[in-house]
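If you read the protein sequences in the order shown, they are chains A and B. Using my numbering, you'd call the opening residue of the first sequence number 1 and step up by one each time. Using my numbering, you'd call the opening residue of the second sequence number 1001 and step up by one each time.
You may find that some hints are simply not true.
[Stated by the list, open to error] To give an idea of the interface, some chain B residues facing chain A are shown, with a C-beta separation under 8 Å as derived from the structure: (1) Asp-1014; (2) Tyr-1015; (3) Ala-1016; (4) Ile-1025; (5) Leu-1027; (6) Val-1028; (7) Leu-1029; (8) Thr-1079; (9) Gly-1100; (10) Glu-1104; (11) Leu-1108; (12) Leu-1113; (13) Ala-1116; (14) Gly-1119; (15) Pro-1122; (16) Met-1275.
[Stated by the list, open to error] Label pairs and their calculated CB-CB ranges: (17) A/Val-219 to B/Gly-1034: 46 to 52 Å; (18) B/Asp-1137 to A/Asn-222: 56 to 62 Å; (19) B/Asp-1144 to A/Arg-33: 41 to 47 Å; (20) A/Phe-69 to B/Arg-1129: 55 to 61 Å; (21) A/Gly-259 to B/Ser-1048: 36 to 42 Å.
Calculated directly from the structure, the hints in this document are not laboratory data. Where is the CB? At the ideal position from N, CA and C, for every residue including glycine.
Residues per chain are reported as follows:
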Amino acid sequence: MASAPRSVAPGTLASETAWRLARHRTLFVNFFRRELFSRYLGSVSGFAWAFLHPLALLAVYHFIFTTVFRAGAMNGKSFLLFVAVALWPWLAAQEALQRGTVSIGGYAGLIRKVAFPHELVVYASVAATLVLQFAGYLVVLVVLALFGEPVRFEGLLLAIPLWLVLAVGVTGLALALAALQVFIRDIEHILLPVLMILMYLTPILYPLSLVPESMKAWVAANPFGYLVERLRDALLEGRLAIAWGDAVAVVVAVALFAGGRWVFLRLSPHFEDFV
Amino acid sequence: MSAPLLHLSGVGKDYAKLDTNAGRIGLVLDLLRGRGVTHAFCALDEVSFDLAAGESLGIIGENGAGKSTLLKIIAGVVTPTRGRVDVRGRVGALLELGSGFHPEYSGLANIDLAAALLGLTPAEIAAKRDEIVAFADIGEHIHDPIKYYSSGMVVRLGFAVATALKPDILITDEVLAVGDESFQKKCVAWIENYLAGGGTLLLCAHSMYHVQKLCRAALWLKDGRVERSGRAPEVCQAYLAYHEEKSALTKRPTGVADAALVAAAGYYALKSLDMHPGESLPESASFTVSGEAYSPDGRAPVVLIGIVRADGTPVYGVATDMDGVVPHPVAPNRYAFAIDFPSLPLLPGKYLVRGHVLDPEGVRLFDTLEKSLTITGAAREFGLIRLQHHWRMGDHDTAVALPDSMPDRQ
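Construct the complete structure from the given sequences, taking the supplied hints into account.
Okay, here's the thing in structure tokens:
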């Protein structure tokens, strides 16, 4: 309905920056709540569903791995715990990418009528997904601990920064995918099988140590696989030491973010004609 | 002199022309490489103008002339391909009302979103909320999702939001013709008040009547370029002349058959237009134009009577709503009117008398009838009408010429 003072030509006033940030924060909060409420919390039972969903999944995995496959201990931990610590971050990243990719379409009406920074839509979508999934992750860890699994909660000191690194990288990928999706509608449909394949190529359901030497380098090169290994170190072994690889992970995540945002900002001025 | 509120120079916009998916991929690659759109349709080119605070500008043109694109560029929704746009104030845009709303969310939630888009803080939003709710006046529905609203309710809320945020520049389409009568009056009153209070208006309309009523300046867009700009009456006149020229071959005869056709379709129409004493009369004779208008909904339409010279130069025009009169019902859905010119001061020559019917809000033009009028006489003055005048030579009045005292020279 309305837009703020602005100058379209290059060289915007520096004095406006603080005002813009405040405006963007209010808008982000609005979008974030919209994303959160439209997903699970629209109904009274929605909030419960947000927590029941991970527990139901956990019960299913327990049935498959412990009851049916009778999977033995993995690195000295139960197979269920071994998988759960790594699977939730993956599900979080996968859902954030899928929802982030189609997020622009949900704001088509707004984008055609109102001037605002389109990237806020992707940030809100990814943030809402990751916040909910992280809450689910904590629920899963607590429930596993209650059932006697040796969860090392001090490992969260490292796990939380690792999730943040994940969030930065995923946001960058989501920005690029969201922008491409506006022009090329197939992205959304290609994404699901690609993510499925990537999941099995990432050491989530198996440890990196079981991968044959000849292929180990390829599997280890997967940045997400590295984060998974680090999460297991922290939450299963209680190892909190910072490694050199962590710095690389941060650099990779920031590079993904910068690259994704560059793609997004190149394409977003043309969204209005295509959404 | 202060800088203009709105400054456009050399603004242009190209839209990509795409027919294949391969083209879309090519477009994405071009955009990523920082190239422009290669297979482009130029929607707007070389548009430049300034709008100072307190001015009102009407943008006119045919469908597809680039009016919407221009308004969207000013509203910041569309990034121009070329040129420079400077906006020094808050823009309130009433473009296709309500489409910026989220259908799943309540009226209140949408008010918050609209306010957040304008950059208000949560505290400011809370302060404005009651004012907007009061203006929209849709009662308890404000708590319901927008998708359950009638279109009129969406318009009410949209107008309430766009105006309560006190824009420095108000951009509006022909949205005034939507909504019920009482709300329309409220909107028109708000806009008039806004203009009186030094507000700046950018109006996009097809109705010349509307543009001339609300805007001092006008800009005519044709095929994406500025065809003409300047004072509203002149630009509107040129635009209308262009249309008359364009439709000269298919020009409909001024007759009852056509009016009946329009009436059958459920629009306001002018059924007849009569002149007394006739189509030819002497100078300074008394002259009456009367007729009957049709209204599909039992509300009296606005009638506008105008006189133009044969070449289209306007002489005088007046509408019933300007004088605060209303056509008189003579039969169901039929309204009669008559206007007397006690002593028509037209100079000898050929003229056209035009009758127009507008909706009761005086916003949209529905029907036009035209009759030719010849004024006979031997007056040697120049121009269109005789102005009352009075020569004074030395200290003595030597001659007095007033239309009333002029003898008929037939």
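(request) List, from low to high, the hint numbers that the structure doesn't satisfy. (result) 1, 7, 11, 16, 17 and 19
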